[in-house]
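Colleague: Sequence:
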Amino acid sequence: MGLAEMEPVDVKLTDYRMKVYLAVAAIPQGKVSTYGLVARHIGCSSARAVGQALRVNPFAPDVPCHRVVRSDLKLGGFGGRTDASALARKRDLLLSEGVKFVDPDTIHPDSLYDFSQPAG
DNA sequence: CATGTGACGCCTG
DNA sequence: CCAGGCGCCACAT
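For the first sequence, the numbering used here begins at 445 and goes up steadily by one.
Do not take every clue at face value.
Stated by the list, open to error - Capping the alpha-carbon separation at 20 Å, the derived lysine to aspartate or glutamate pairs in EDC-like fashion look like this:
hint, residue 1, residue 2
1, Lys-518, Asp-549
2, Lys-544, Asp-558
3, Lys-475, Asp-516
4, Lys-475, Asp-547
5, Lys-475, Asp-454
6, Lys-518, Asp-558
7, Lys-475, Asp-554
8, Lys-475, Asp-558
9, Lys-475, Asp-506
10, Lys-518, Asp-459
11, Lys-475, Asp-536
12, Lys-463, Asp-516
13, Lys-463, Asp-558
14, Lys-544, Asp-516
15, Lys-475, Asp-459
16, Lys-456, Asp-516
17, Lys-544, Asp-554
18, Lys-463, Asp-506
19, Lys-518, Asp-547
20, Lys-475, Glu-541
Honestly, the hints are just simulated from the structure, not real lab data.
Quantities reported herein were computed from a predicted structural model and do not represent experimental measurements.
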C-alpha cells in the first residue's frame, strides 16, 4: 500500500465550501436536491463545483450530502466515489429516510426539494 | 500564471 | 436511448 493512500484528506474550508455545506444542511429528511439547484441557491453557475465541495464532507452527518443528486434524479456519487457499492449505500440511506424511487437508481420527482419553500 | 480534473448539466446528432 | 462536445468553476499541481 502506497503512503499516499493513507494520508488524511486535508479539507480546506473555503467560503465557497461553507456555503455549499450550509445549503445542503437545509435539505429536510425524506427529500433531495440537486447539484445544480444547490449551485443556483448559493449564487453559482457550476454544479460541478458543488460536486467538488461534496466529494469530501467534514460535517457528516450534520451535512447530509447523500441528499444531493443529479438533475436527472439519478444518484451521482457518494463518499467521493461513483462505483456501485458507494451508490448502493447512498440509495439505502435515502430509502431509510423515506425518499421515493421510481427504479433502483432514480428518485421520484415528488421527493425533490428545490429550496423555494421554507417548510419543504 | 497554465493546465488538468471532476459526486454536473445542457445541447446535439 | 446512447455517445460526444462544451461550458462551467473550485482546487490541486
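Colleague: Against each hint, give a clear statement of whether it holds in the structure.
Modeller: Hint-by-hint comparison with the structure:
{"no.": "1", "hint": "Lys-518 with Asp-549", "verdict": "6 Å, holds"}
{"no.": "2", "hint": "Lys-544 with Asp-558", "verdict": "16 Å, holds"}
{"no.": "3", "hint": "Lys-475 with Asp-516", "verdict": "15 Å, holds"}
{"no.": "4", "hint": "Lys-475 with Asp-547", "verdict": "16 Å, holds"}
{"no.": "5", "hint": "Lys-475 with Asp-454", "verdict": "30 Å, violated"}
{"no.": "6", "hint": "Lys-518 with Asp-558", "verdict": "16 Å, holds"}
{"no.": "7", "hint": "Lys-475 with Asp-554", "verdict": "8 Å, holds"}
{"no.": "8", "hint": "Lys-475 with Asp-558", "verdict": "9 Å, holds"}
{"no.": "9", "hint": "Lys-475 with Asp-506", "verdict": "15 Å, holds"}
{"no.": "10", "hint": "Lys-518 with Asp-459", "verdict": "28 Å, violated"}
{"no.": "11", "hint": "Lys-475 with Asp-536", "verdict": "14 Å, holds"}
{"no.": "12", "hint": "Lys-463 with Asp-516", "verdict": "23 Å, violated"}
{"no.": "13", "hint": "Lys-463 with Asp-558", "verdict": "16 Å, holds"}
{"no.": "14", "hint": "Lys-544 with Asp-516", "verdict": "15 Å, holds"}
{"no.": "15", "hint": "Lys-475 with Asp-459", "verdict": "25 Å, violated"}
{"no.": "16", "hint": "Lys-456 with Asp-516", "verdict": "30 Å, violated"}
{"no.": "17", "hint": "Lys-544 with Asp-554", "verdict": "8 Å, holds"}
{"no.": "18", "hint": "Lys-463 with Asp-506", "verdict": "14 Å, holds"}
{"no.": "19", "hint": "Lys-518 with Asp-547", "verdict": "10 Å, holds"}
{"no.": "20", "hint": "Lys-475 with Glu-541", "verdict": "8 Å, holds"}
In summary, the numbered hints that this structure violates are 5, 10, 12, 15, 16.
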